[in-house]
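J.: In case you want the letters, here they are:
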Amino acid sequence: MSGTIELRAFMGLADTFRERGWGNPRQLSLDGPTSGCELLAKLDIPVEQVEGIFINGKVSLPPVAVVNPGDRVALAPPGIPGPYRVLLGFKRKLPGEGE
Amino acid sequence: MFYRVNMATLAVSKDDGAQYQGLGGRALSSRIVSAEVDPQAHPLGASNKLVFVTGLLSGTGAPNAGRMSLGAKSPLTGTIKESNVGGAMGNKLGRLGIRGIIVEDLPAKDTAYVLKVSAAGLVVEEMPELKGLDIYDTVAKLQQKYGEKVAIGCIGTAGENKMASACVGFTDMEGAPTRQAGRGGLGAVMGSKSVKAIIADDAGTQMVPFADEAAFRAGTKKLANALLTHPVTSQGLPTYGTDVLVNILSEAGGLPTRNFSSGRFEGANNIGGETLNATAKERGGKTGHACSPGCIIRCSNIYKDKKGEVLTGGLEYESCWSLGADIGVDNLDDIAVMNRLCDDIGVDTIEMGVTLGVAMEGGVASFGDGKAAIELIKEVGKATPLGRILGGGAELTGKTYGVRRVPTVKGQAIPAYDPRAVKGVGVTYATTTMGADHTAGYSVTANILSVGGKVDPLKPEGQVDLSRNLQIATAFLDSTGLCLFVAFAVLDIPEALDGIVEMCNARFGWNKTAGDYLEMGKQVLRDERAFNAGAGIGAGDDDLPEFFRKEPLPPHNTVFDIPKKDLDTVFNF
Ligand code: SF4
Chain B
83 MSGTIELRAF
93 MGLADTFRER
103 GWGNPRQLSL
113 DGPTSGCELL
123 AKLDIPVEQV
133 EGIFINGKVS
143 LPPVAVVNPG
153 DRVALAPPGI
163 PGPYRVLLGF
173 KRKLPGEGE
Chain C
11 MFYRVNMATL
21 AVSKDDGAQY
31 QGLGGRALSS
41 RIVSAEVDPQ
51 AHPLGASNKL
61 VFVTGLLSGT
71 GAPNAGRMSL
81 GAKSPLTGTI
91 KESNVGGAMG
101 NKLGRLGIRG
111 IIVEDLPAKD
121 TAYVLKVSAA
131 GLVVEEMPEL
141 KGLDIYDTVA
151 KLQQKYGEKV
161 AIGCIGTAGE
171 NKMASACVGF
181 TDMEGAPTRQ
191 AGRGGLGAVM
201 GSKSVKAIIA
211 DDAGTQMVPF
221 ADEAAFRAGT
231 KKLANALLTH
241 PVTSQGLPTY
251 GTDVLVNILS
261 EAGGLPTRNF
271 SSGRFEGANN
281 IGGETLNATA
291 KERGGKTGHA
301 CSPGCIIRCS
311 NIYKDKKGEV
321 LTGGLEYESC
331 WSLGADIGVD
341 NLDDIAVMNR
351 LCDDIGVDTI
361 EMGVTLGVAM
371 EGGVASFGDG
381 KAAIELIKEV
391 GKATPLGRIL
401 GGGAELTGKT
411 YGVRRVPTVK
421 GQAIPAYDPR
431 AVKGVGVTYA
441 TTTMGADHTA
451 GYSVTANILS
461 VGGKVDPLKP
471 EGQVDLSRNL
481 QIATAFLDST
491 GLCLFVAFAV
501 LDIPEALDGI
511 VEMCNARFGW
521 NKTAGDYLEM
531 GKQVLRDERA
541 FNAGAGIGAG
551 DDDLPEFFRK
561 EPLPPHNTVF
571 DIPKKDLDTV
581 FNF
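For the protein sequence lines, the chains are B and C, in the order given.
Here the first sequence is numbered in the numbering used here, starting from 83 and rising by one per residue.
Here the second sequence is numbered in the numbering used here, starting from 11 and rising by one per residue.
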């Protein structure tokens, strides 16, 4: 099912949004469930520039994130001070990365 | 070298502090306070002592090693207190070979004393003309007399009036008093002893000696490389400062808003680091400012008003939150005015903002009214009855106005992360020896402490272990004189911790492992817990206020649900 997401960008990505003339937040339409990497490709933002994706206030990592129409989404680049990166879940190992 | 200053006799003595060998920073201040202060002592009485100590790496020129610690029994919490501060003082005291200055007893006279330390020794000077001055004027007068190159730490009228939220303001490298030993009311302890200021002049000193200079330099390089390559310490903090966390925490639903009634603030972007950075650029202010010598992270800033005049500096996340989201204010200029007032009067911005939030809930002013908040802080400066209540902190204000939602632990205001949405920090607030303190739980490398991995911020599982490990690592880092923000790089780059261990070893000729240093961290916590137990503050006090367990926090609508019995296992080591 298609619909829009409300998309925000923080730190340097906020500058990127501004330079591209995008709102922050920006309304973006999606055709249906979209992976984090697909979303970034659609936005033409390199995956390395995003450490975590907030989906409805919960942090997910780009390779495993799934965004659905209607979600509130925010892109957080690397460089956010920890330990909140740990406490909020940025510093989370992906499946297969081991302990 | 240690100096002892007796304020009753004004006698100064000097010794090598043999009983405190091998300790620095928080390990040293907490050991001195637990060994020498009766836990039952009144915090403003003759038996309390105020200690100024340097860290293991102070004065060495190591990256980010410009921090120092103040210690005493806290008038705000009744617990032991270590208050950590940047600025120019720590490095100068280190270069002067000073490990500690211990201020004892109470003066016979109601006046203002200045402790001045230089290569010639420590002298006590009486300067009654400083009495009644706030911090910026005090610094200006002292710079006129002693020159612009000295480092100054002083109290404002809040400290003189012995308010429980009084801080000690320290000058940065440009001589502006933008750095504070903020938490726990140590400014009131200083005021009780009529010590208006401490001054360090390191003219004529050399670099401190090293047991193995080559090994020290190798360690320095490892830490510096990590700080210069890690995205947090090389890009995020220098560009945006800690205030970049406003949008992040708001998005995560953990930014306490309008006295902890919501976790998301609709005005977050107006007060966040992105806006702060853009405003600084537009008005010729500065981000990427270093508060202390050797800092290569440079998280600090200089904030100018609309006319381009310097208004304040060191505008941190915690202050932008407490004087912003927590009182519903989304105007950075109002926040900057409040920050300047707090730094000048000499009160902790976290305690002040949370206190204002509680006062607003009690009907003293409306949430979102920045101008009213500014006027309330001025009352603190004038020490009117209302100002004294506010200057007494959030808990006193809550009691005075019959407010039920009072976010404090052991009498100290909870900082900028709501424990219902960031549960790990909630465990730290509840259990730290200091009263609610976010800096008590910073981080160290993941593979050493198994930090990271599976913890979900909204779920209780794993939080106790995480908080325990973070508190131990922090207690060690706070003992080195390093800025805690090196932890961001240490978390991800193992060589950074190796570098710290190598520098400490090479400075003193030790052969300790990372494990030994973490043992030092554990010992700090044991010392502090023992002091608190003697003061009648024990495991029963290790919890959050009831409302965190009962009132769900929007937008996630979660409560703090880590069982009390689990909190009681944090110190199982
Ligand atoms: S990182 Fe920030 S707080 Fe730490 S020493 Fe540098 S400017 Fe000061």
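Calculated directly from the structure, the hints in this document are not laboratory data.
All residues carry an ideal CB built from backbone N, CA and C; glycine is no exception.
One or more of the hints may lead you astray.
To be verified - Covered by chain B, per the in silico footprint, the following chain C stretches (three or more residues, Cβ under 8 Å): (1) 248–257; (2) 260–268.
Stated by the list, open to error - Counterexamples of contact, computed for chain C against chain B with all Cβ distances above 12 Å: (3) Gln216; (4) Ala278; (5) Gly282; (6) Lys392; (7) Leu396; (8) Phe557.
J.: Evaluate each hint against the coordinates.
T.: Checked hints:
1. 248–257: n = 6 at 8 Å, threshold three: holds.
2. 260–268: holds (count 4)
3. Gln216: Since the minimum Cβ distance to chain B is about 35 Å, Gln216(C) lies beyond 12 Å and the statement holds.
4. Ala278: violated, 10 Å
5. Gly282: Answer for Gly282(C): violated, closest chain B Cβ roughly 8 Å.
6. Lys392: Non-interface label on Lys392(C) holds, nearest chain B Cβ at 36 Å vs cutoff 12 Å.
7. Leu396: holds, 35 Å
8. Phe557: At roughly 21 Å from the nearest Cβ of chain B, Phe557(C) sits farther out than 12 Å, so the non-interface label holds.
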